[in-house]
Amino acid sequence: MSNRVLRIRDPIHGYVTVTAIEQPLLDHPITQRLRWVAQSGLAQFVFPEVRTSRFTHSLGTMHLASRFLLGILRNADPSVRARLEREFTAAVTAADPDVELSSATIGELQRQGLIACTAVSPGAAAATVVVEQALRLAALFHDLGHLPFSHDFEYVIKSLVNEEAAASTLFGRLGRGKPPHEQIGYAMVSLIQRSVYAPLTATGLRDVASPAFKLARQIMAADEPYGLGTAPASIRLLHSLVDGEIDVDRGDYLLRDARNYGFDYVTFDLERLVSSLTVHEHADGDLSVAILPRGQPAAESFLFARYRIYQWGVFQHKVVQLGAAFQMISREQLRGAFSNPTHRLHGFLSEIANLADPNAESKQRTTALEAFASHDDIWWLADLRANAPDSLMRDLVLHRKPGPVSLWKRVSGFPGGRPAVEELNSHLPQQGDTVAEAAWQELVQRVRTNYGVIVSRVRFTPVRLDESTGASLLSVGTSASAARPLSELSPLIATLSTAWASDIQVFAFTEHHVADPAAVAANVCSEMMDTLSAKP
Amino acid sequence: MFRDDGYSVSEAMSTSRTTTPTPSDLLQELRAGGRTSGSYAEIEDALVEVMNRNTAALPPLVTARDVLVYARDHGLIAREGDKLVLHADRSK
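Protein chains in written order, with numbering that gives the first Met the number 0: chain A, 0 to 535; chain B, 0 to 91.
None of these hints come from the bench; they were simulated from the model.
Keep in mind that a hint or two might mislead.
Stated by the list, open to error - Calculated lysine to aspartate or glutamate pairs in the EDC-like style (CA-CA distance at most 16 Å, straight line):
hint : chain 1 : residue 1 : chain 2 : residue 2
1    : B       : 82        : A       : 95
2    : A       : 213       : A       : 285
3    : A       : 400       : A       : 510
4    : A       : 317       : A       : 510
5    : B       : 82        : B       : 44
6    : B       : 82        : B       : 48
7    : B       : 82        : A       : 283
8    : A       : 157       : A       : 331
9    : A       : 157       : B       : 48
For clarity, every value in this text was computed on a predicted model and none was experimentally measured.
Let the sequences and hints guide you as you build the complete structure.
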């Protein structure tokens with residue numbers, strides 16, 4: 000075993016330390032592919048320096064995974080920490096009954112950057128080392144399955160599958176199931192593990208790697224909505240550290256992206272936040288991430304930072320416009336490719352479907368894994384350049400050529416101002432309301448036909464609430480029994496949902512220049528309000 | 000306002016609303032197929048199959064997870080012990 004510990008210089012976190020188990024994974028072509036998948040998708044076409052990659056973001060996320068885990072263990076109530084130690088030990092034993100780590104191995108992994116075992120009793124150190132490694136793998140892999148240009152491309156795939164290929168055994172699961180990038184990322188973990196078997200064996204750490212990979216898959220799979228989770232509570236807690244209200248994913252991308260957006264007002268005190276993390280044990284035995292009272296200002300800043308990066312970056316009107324244009328031209332290229340084996344993109348679609356399908360033949364999946372390594376943002380841009388027919392939307396995406404016009408950019412430009420924005424938002428379909436959503440889709444199509452206007456709705460949850468109580472799911476307390484929802488203790492947090500209800504959630508663009516955009520905007524708004532406010 | 004094919008908006012809307020399955024309809028189809036409880040993953044997978052059978056009548060970007068979140072908020076599904084249990088829609 001080499002004495003050298005790999006440390007990667009990072010502008011956000013200083014140095015990111017990489018364990019010997021992680022090194023062959025970083026070198027894998029599938030992980031390297033993330034260098035060429037933009038973290039912020041199309042935002043770089045509006046904010047030229049927002050070119051952070053999902054590779055650097057994944058490294059930062061992995062780094063924070065250790066810090067967040069250490070934070071919650073260090074600050075947990077002793078009884079809750081003892082429970083976590085028991086459940087970590089049971090989970091590791093279930094993953095590999097033969098695992099037995101020497102103190103030398105534990106010490107070596109500490110030297111390589113695993114830190115959480117310093118917060119537990121000696122008897123739980125070995126299990127905690129494995130759990131920390133698993134959490135870091137889940138963090139490193141959380142974006143592995145992202146398709147070119149991430150979410151915008153994914154929406155195209157999902158809608159086309161549902162329109163053209165829902166009955167297909169191969170493609171059907173990509174439409175109504177978990178997001179394709181989650182399905183692909185989860186399924187690829189075992190493929191990648193197999194492909195790095197030799198280098199992992201050479202590290203002498205296979206006893207840690209084997210259960211860590213199994214647990215990483217369990218953590219990734221525990222993507223269950225609040226109140227509906229059936230995975231073990233400790234696994235769901237670990238999942239929420241990667242994908243939760245205050246998590247390592249957001250903790251990294253907020254600081255990393257804000258830096259390149261040039262948004263000095265998007266920041267939070269990472270040190271204070273990490274040092275204030277703890278665990279709340281609910282009456283029914285559930286576990287959730289919570290913060291100590293001293294962390295309240297850091298948590299407030301965190302949630303405000305997220306709101307602002309969405310408000311002024313992700314949902315900047317031109318970024319939304321580019322997203323709509325990208326989806327339109329990408330959709331045209333992919334239409335018909337699912338059912339036509341001779342279509343130039345059929346192979347790519349089969350590849351991602353095979354990757355996402357754990358029941359596909361091993362050889363097909365291995366071939367698909369190799370091909371997936373080259374399907375990144377650059378590949379798709381080159382394909383669009385070669386094949387997308389001339390159009391204003393193509394020019395907008397490929398050459399950033401002005402053309403489409405936003406009918407409103409922010410609240411001040413919306414016909415009727417803030418009261419009208421609030422009225423419109425109050426009638427938008429609730430998540431999962433199939434009937435209201437179908438009516439909305441019909442309205443969007445009608446506005447397109449009647450006015451030549453593209454309507455694009457953006458969705459965002461500034462702070463997750465328990466629907467039955469309206470209280471924030473993030474709690475604050477000095478102990479488990481004293482915890483209270485953050486929205487009760489912080490009037491600032493309580494205002495975030497109100498602010499979002501008053502913000503632009505629907506954008507509209509004309510494809511071509513129009514003589515009187517204000518009049519078109521007024522007509523479009525009027526039609527939307529008339530339709531949405533009509534009782535069924 | 001009339002569409003090109005001559006249907007009024009209200010007629011088109013009412014047609015759409017009677018043919019689009021509600022979350023309750025989808026869960027009822029799940030129950031009718033014998034799935035009344037299970038882990039989150041089992042329920043989600045089974046619901047994906049139901050939605051795929053009804054895909055032509057459903058909006059393209061609504062997922063099984065969306066429907067389950069809606070069902071949770073409307074008392075159509077709840078966790079009991081370590082399982083999710085589907086409840087009958089009492090409003091019907």
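For each hint, the structure was consulted:
no., hint, in the structure
1, B:82 - A:95, "violated (25 Å)"
2, A:213 - A:285, "violated (22 Å)"
3, A:400 - A:510, "holds (12 Å)"
4, A:317 - A:510, "holds (13 Å)"
5, B:82 - B:44, "holds (15 Å)"
6, B:82 - B:48, "violated (20 Å)"
7, B:82 - A:283, "holds (14 Å)"
8, A:157 - A:331, "holds (14 Å)"
9, A:157 - B:48, "holds (15 Å)"
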